[in-house]
Amino acid sequence: MLGYEVESCLVDTGDTAQSVLTEQLVKRRFDCVMIGAGLRNPAYLRLFERLLNVVHALAPGAKICFNKCSAGCDLPTDVSPRRC
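Take the sequence shown: its letter number 21 is residue 21 in the working numbering, and every next letter is one higher.
Read the hints as simulated data drawn from the structure, not as lab findings.
All figures in this text were calculated on a predicted structure; none of them were measured in a lab.
Even for Gly, the Cβ is constructed at its ideal location relative to N, Cα and C.
There's no promise every hint is true.
[To be verified] Pairwise CB distance ranges (calculated):
1) 43 <-> 65: 14 to 24 Å
2) 3 <-> 42: 29 to 39 Å
3) 52 <-> 6: 30 to 40 Å
4) 5 <-> 42: 26 to 36 Å
Could you put together the complete structure from these sequences and hints?
Dropping the structure here:
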């Protein structure tokens, strides 16, 4: 165990994504927020940018990391806040 507690925060690609992420981030302090590859799909670029801005505003001390995805993968759209 690396000392991290993981909380998943799955978001949709519609109107509730920002509010779902906001609700998760205001609960506590997070050391790291991982943004899933599904959000880095070019079709979701605007949503990705909005959610990245939410993370920056509500978790300014958190590191932002990205999961690895091979070309053509079909990962779910997720943002996974992590804290120690």
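**Asked** So which of the earlier hints does this model not fit?
**Response** Hint 3 contradicted; others consistent.
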